[in-house]
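Fit chain F to the given chain W structure using the hints.
There are 2 protein chains.
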Amino acid sequence: MISKSQISFIKSLHQKKNRKEQGLFIVEGLKSFHEFLNSDYVIDSVYCTENLMPKLGNLSRKIKPVEITESELSRISALSTPQAILALVQIPKKTDLNATKLENLFLLALDGVQDPGNLGTIIRTADWFGLNTIICSMDTAEVYNPKVVQASMGSLSRVNLIYTNLEDFFDQTNIPVYGALLDGKSIYETNFGQEGIILLGNEGNGISTELQSRINFPVTIPRYGKAESLNVAISASIFCSELRRKS
Amino acid sequence: MISKSQISFIKSLHQKKNRKEQGLFIVEGLKSFHEFLNSDYVIDSVYCTENLMPKLGNLSRKIKPVEITESELSRISALSTPQAILALVQIPKKTDLNATKLENLFLLALDGVQDPGNLGTIIRTADWFGLNTIICSMDTAEVYNPKVVQASMGSLSRVNLIYTNLEDFFDQTNIPVYGALLDGKSIYETNFGQEGIILLGNEGNGISTELQSRINFPVTIPRYGKAESLNVAISASIFCSELRRKS
Chain W
1 MISKSQISFI
11 KSLHQKKNRK
21 EQGLFIVEGL
31 KSFHEFLNSD
41 YVIDSVYCTE
51 NLMPKLGNLS
61 RKIKPVEITE
71 SELSRISALS
81 TPQAILALVQ
91 IPKKTDLNAT
101 KLENLFLLAL
111 DGVQDPGNLG
121 TIIRTADWFG
131 LNTIICSMDT
141 AEVYNPKVVQ
151 ASMGSLSRVN
161 LIYTNLEDFF
171 DQTNIPVYGA
181 LLDGKSIYET
191 NFGQEGIILL
201 GNEGNGISTE
211 LQSRINFPVT
221 IPRYGKAESL
231 NVAISASIFC
241 SELRRKS
Chain F
1 MISKSQISFI
11 KSLHQKKNRK
21 EQGLFIVEGL
31 KSFHEFLNSD
41 YVIDSVYCTE
51 NLMPKLGNLS
61 RKIKPVEITE
71 SELSRISALS
81 TPQAILALVQ
91 IPKKTDLNAT
101 KLENLFLLAL
111 DGVQDPGNLG
121 TIIRTADWFG
131 LNTIICSMDT
141 AEVYNPKVVQ
151 ASMGSLSRVN
161 LIYTNLEDFF
171 DQTNIPVYGA
181 LLDGKSIYET
191 NFGQEGIILL
201 GNEGNGISTE
211 LQSRINFPVT
221 IPRYGKAESL
231 NVAISASIFC
241 SELRRKS
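These protein sequence lines map, in sequence, to chains W and F. Quick note, the first sequence lines up with residues 1 to 247 if you use my numbering. Quick note, the second sequence lines up with residues 1 to 247 if you use my numbering.
Source of the hints: derived by calculation from the structure; they are not laboratory data. Check the hints yourself; a few may be wrong.
It does not matter which identical chain is used: a pair holds within one copy or between any two.
Each computed BS3-like pair below joins lysine-lysine, with the alpha-carbon atoms no more than 27 Å apart [claimed, not checked]: (1) Lys246 <-> Lys185; (2) Lys31 <-> Lys226; (3) Lys62 <-> Lys94; (4) Lys246 <-> Lys17; (5) Lys94 <-> Lys226; (6) Lys226 <-> Lys147; (7) Lys101 <-> Lys11; (8) Lys16 <-> Lys31; (9) Lys20 <-> Lys64; (10) Lys20 <-> Lys4; (11) Lys226 <-> Lys55; (12) Lys101 <-> Lys226; (13) Lys17 <-> Lys55; (14) Lys93 <-> Lys226; (15) Lys16 <-> Lys147; (16) Lys16 <-> Lys94; (17) Lys93 <-> Lys62.
So here's chain W without its partners, still in its complex pose:
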């Protein structure tokens, strides 16, 4: 049972403005919920249908899961197919960008990636390949958008996203920047060394001119057919795979 005011509060969290104000975001689905539960994230509250109650696992004593009906769930869910459980999770404090900690690692940098599904898929893929930090330009999609959380399939609980001015960041670091461009050296002939930033651009416009001038190594995924471009999450995954196969 859930009150009308709770329903409207949770629905308000479908909007970015309210997530920011309340410091909360929505996680749906049992698998994602468990991954956040077993992470440093703090679960604020849990709403789930009767049959899922026994599967919740060890919750802190502070959390009393609220049993709701399918119909109530569909009212608060941000998904077209709700998944029996919805949790509110606290948005953690912003991580400061400490460039020293990023040395000897590979990380992704996203310049204005707009589609929430793409961002979520990039987070999931980075997690698969063991890249735990993604630096995002300020105009990249918001990470706590329910569609991003959903597409990340729980990987958001392990991957750290930092939003910052990428120009300033690149100017302050000595880590080499590999930019995904249409006219660079073949990725198959690129040596990625022991550390690097893989920079990927916006879905329609690619990498901004300001950032292009800061790329140390322009890299291209060779084209064998006729498509004009690759989806940005696809490019990201091929970069992740290539640098792991070589390291």
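Same frame as chain W, but now just chain F:
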């Protein structure tokens, strides 16, 4: 100007059943439209806003583009953000599966891929890497779904999708089947030779048991982090990239 009955006819094509009955599907956006226009597909009709009229290119004399308002466009569009042009395109006759023609090539086979966005992205990626045939199980998402067409970004005009019983097809062909599984040989150590079928499974359940027994080479994308799985379009792209880098 567009009549009420035209609006309701076009809207009816948002549904699979009506696409099949009418033999028509929807293509939106100028870039996709041009790619279908320059292909073997037959354009049936074109609806576009005033400012786009001069950019349509050379249409056959049979086609008289209909000028419509933004508001009319939003009523017939299947997209949340309509793109100034919508065309109806004829669904071509089914291609027969001629196994001989598929020798000495690489192709993708999809076992029950459900998400239209994933299918569209796989088509676009296959086109980038020059793989022109995708064999789909009968329960794979329908290729003329507007979301598939949209995500393929025009590549559907160049990639041939054949829906068939994959078990029968695998039994009839000698082309080696490489299956994307969690417990196979590392993709980085796999030699793909000169021809092969890359088999990818359903988003939630992977490759069916019946098809698993028909795999000649189980292949895995090694995991370096903690995500439980990769998105199927991401797996497909890493397979495409690997077999091209080796061939």
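Checked hints:
no. : hint              : verdict
1   : Lys246 <-> Lys185 : both (16 Å within a copy, 17 Å between copies)
2   : Lys31 <-> Lys226  : between (38 Å within a copy, 13 Å between copies)
3   : Lys62 <-> Lys94   : within (24 Å within a copy, 60 Å between copies)
4   : Lys246 <-> Lys17  : neither (42 Å within a copy, 48 Å between copies)
5   : Lys94 <-> Lys226  : between (42 Å within a copy, 23 Å between copies)
6   : Lys226 <-> Lys147 : between (30 Å within a copy, 21 Å between copies)
7   : Lys101 <-> Lys11  : neither (38 Å within a copy, 54 Å between copies)
8   : Lys16 <-> Lys31   : within (24 Å within a copy, 32 Å between copies)
9   : Lys20 <-> Lys64   : within (24 Å within a copy, 50 Å between copies)
10  : Lys20 <-> Lys4    : within (22 Å within a copy, 43 Å between copies)
11  : Lys226 <-> Lys55  : between (48 Å within a copy, 22 Å between copies)
12  : Lys101 <-> Lys226 : between (41 Å within a copy, 21 Å between copies)
13  : Lys17 <-> Lys55   : neither (32 Å within a copy, 39 Å between copies)
14  : Lys93 <-> Lys226  : between (45 Å within a copy, 23 Å between copies)
15  : Lys16 <-> Lys147  : both (12 Å within a copy, 25 Å between copies)
16  : Lys16 <-> Lys94   : within (16 Å within a copy, 46 Å between copies)
17  : Lys93 <-> Lys62   : within (21 Å within a copy, 62 Å between copies)
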